[in-house]
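Now for the letters of each chain:
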Amino acid sequence: MIEGILLGLKTALSFTNLLMVMLGCIMGTVIGMLPGLGPMTAIALMIPITYGFDPSTGLILMAGVYYGAVFGGSTSSILINAPGVPGTVATTFDGYPMAQQGKAGKALAIAAYSSFSGGTIAAIFLLIAAPTLSKVSLAFRSPDYFALMVLGLTAVSAFSAKGQFLKAIMMVVLGLMLATVGQDSLSDIPRFIFNSMSLSDGISFILIAMAMFAMSEALMIIFKGKDPSKATKSISLSELGSIRLDKEERNKMLKTIPRSSVIGFLIGVLPGAGATIASFLAYGMERNFVKKEEKEKFGKGSVHGLAAPETANNAACSGAFVPLLTLGIPGSGTTAVMLGALLAFGIQPGPTLYMTNPEVFWSVIMSMYIGMVILLILNLPLIPYIARLLAVPRNYLVPLILFFSVAGIYLISFNTFDIFLMIGLAVLACGLRLYNFPMPPLILAFVLGGMMEENLRRSLLISDGSFNFLWDRPLTAIILGGTILLVSWQIYKSFKK
Amino acid sequence: MKISTVKIISLLFFIFSLFYLYTAHQIRVFSFDENAAFNAKTFPIYLGYFGMFIAGLKIILPEKTSEEVDQKFLNYKQTLILVLIMVTYGSIIRSVGFFFSTSLFLISSYYFLGERRWLRMFMLSFPFVAIFMFLVHGLLDIYLTDPILKALGVMG
Chain A
1 MIEGILLGLK TALSFTNLLM VMLGCIMGTV IGMLPGLGPM TAIALMIPIT YGFDPSTGLI
61 LMAGVYYGAV FGGSTSSILI NAPGVPGTVA TTFDGYPMAQ QGKAGKALAI AAYSSFSGGT
121 IAAIFLLIAA PTLSKVSLAF RSPDYFALMV LGLTAVSAFS AKGQFLKAIM MVVLGLMLAT
181 VGQDSLSDIP RFIFNSMSLS DGISFILIAM AMFAMSEALM IIFKGKDPSK ATKSISLSEL
241 GSIRLDKEER NKMLKTIPRS SVIGFLIGVL PGAGATIASF LAYGMERNFV KKEEKEKFGK
301 GSVHGLAAPE TANNAACSGA FVPLLTLGIP GSGTTAVMLG ALLAFGIQPG PTLYMTNPEV
361 FWSVIMSMYI GMVILLILNL PLIPYIARLL AVPRNYLVPL ILFFSVAGIY LISFNTFDIF
421 LMIGLAVLAC GLRLYNFPMP PLILAFVLGG MMEENLRRSL LISDGSFNFL WDRPLTAIIL
481 GGTILLVSWQ IYKSFKK
Chain B
1001 MKISTVKIIS LLFFIFSLFY LYTAHQIRVF SFDENAAFNA KTFPIYLGYF GMFIAGLKII
1061 LPEKTSEEVD QKFLNYKQTL ILVLIMVTYG SIIRSVGFFF STSLFLISSY YFLGERRWLR
1121 MFMLSFPFVA IFMFLVHGLL DIYLTDPILK ALGVMG
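First to last, the protein sequences are chains A and B. For the first sequence, this note's numbering begins at 1 and goes up steadily by one. For the second sequence, this note's numbering begins at 1001 and goes up steadily by one.
The set of hints was computed from the structure by calculation and includes no laboratory data. Take the hints with a grain of salt, since some may be wrong.
Stretches of chain B that chain A covers, calculated by requiring three or more beta carbons in the stretch to come under 8 Å of a beta carbon on chain A [said to hold, decoys possible]:
no., stretch
1, 1007 to 1019
2, 1030 to 1038
3, 1050 to 1064
4, 1069 to 1082
5, 1087 to 1096
6, 1100 to 1114
Heads up, the beta-carbon is just placed ideally off N, CA and C, and yes, glycines get one too.
Whenever a hint applies, use it, and build me the whole structure from the sequences.
Below you can see the structure in the form of structure tokens.
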């Protein structure tokens, strides 16, 4: 492990990679801060840029964007009560009241320190858990992988939108269907290409990510008549107050951060859960942990109430890397986008990643520490300036997002068919989002589609076409049991209503 | 009886799954693979059936809460114009070239979204695209064809 850490440090501390972490953190913060645009949009917009880089550099940049976007989301939650992503909704409960009391600077500092601590502690957990789990996961066979992917997709569907399980499953099916377009991976037989040469290689993952997140998000801003910059007029972005914390506030944070980090990391590791559940759970648990007089301050600007979700959502981000790096199976929409990017680099994440591409494996882990430090150093003094970006009017914001989306896909394929396909998918996504059809299950299914078919193929061929493989191995049966439990719980919940 | 939009979307998804299933059955596999436990059309066929099943469930099951969207708050006109501008941009990007088509796309988008400060609109289109092209073409080495800039002798 020491060799790995040193290798990771060597790669992550190279000038180019340091520059990339820094750029990633800044760009992530800026994009994540704009209400409605979250880590997934930020990463999707970055993918075309990373194409010219080596895999470690590309992944380091995207990891920086990921943390930056989560932190940026907290800033808009605190300053204008507009969480950029669901993962920062819990931040508004105490962050916004603090800002209203004239302590916006303090709230942002608490968020920054908590994010930094949560991310760093979780990165240590990741350092221990990832290699260990990689060794364990070597025992996984095709049926286990297939079952795990079914569990992951079910979990993401169950947690991505409250009470919308069937809609989320429909999105999973749509994602899997889109993944089957193009040549069959084994026999090269064309499928669903309708005699179009442009579809023979399948639909590009970047195209789907850009259309479903960046482009449709921009169109939704116009369609719903939202103007993110309007909310900024209610508060002064140049006078945020002091960012210094007193001893009492520091002590409160010291108690909250360790327990919220553990909760955040564990929830992050679970497939489908992630930052949103982690932050709400940490907030709720923290409320139970504190004394009665502190409990009453919750919702009115409590330090505990702000530090808990902020610590947990960043810890969950690091935790989400565990299944991605060790099993090659992303547990959330954001890590699915990262998996797609890794596959595009020609790297197959999984239990052997730390043997076949140790520099990628370790440099990503080590860059997390560096990213957290950079995020803290850059963002604390720059907060008042970065916060002014919240005032960018939609008249400029939307065309620029659309431009980056179209240019991003055109610069990769130089094919206008891809532009039209992307516009069509973005319009479709807009319509679906309007009626609360969640998009993360779709992107996860699209990324996992090929692997899922491959593992089902192997399993069925080994078992001679029999579905006995689903319960022949205890591990497969246990994982499928988890899926059945999850589905039963969803059915129970819908009947209980 | 009023049918909700979510049910209509589910019905459309049912029809789409049916079409997908039909197309999946049309996939031509190698003759030696025809009776194999798994071939190129197995997974799509499962997906087609599963899609129909889920959409069917959504259509049949009663809705607990109304999910209708208030149409009067939706800005169809501006969205449609923006989509048309994007389609036009996609259509002319090869013939007109990246620089002019992108700059025109940006300027027209700003304008249709209500912006009227021409200097700012200009600065965030032509010079902005020029800097972007320099980064992409000059630094990242991604070749961009631009017939007009080529004719003007700006690009090689």
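Here is what the structure says about each hint:
1. 1007 to 1019: It holds, with 4 qualifying residues against the three required.
2. 1030 to 1038: holds (count 5)
3. 1050 to 1064: Holds, because 8 residues of the stretch 1050 to 1064 of chain B bring their Cβ atoms closer than 8 Å to Cβ atoms of chain A.
4. 1069 to 1082: Answer holds; 8 residues pass the 8 Å Cβ test.
5. 1087 to 1096: holds (count 6)
6. 1100 to 1114: holds (count 7)
Consistency with the previously given hints is maintained throughout, with no hint failing.
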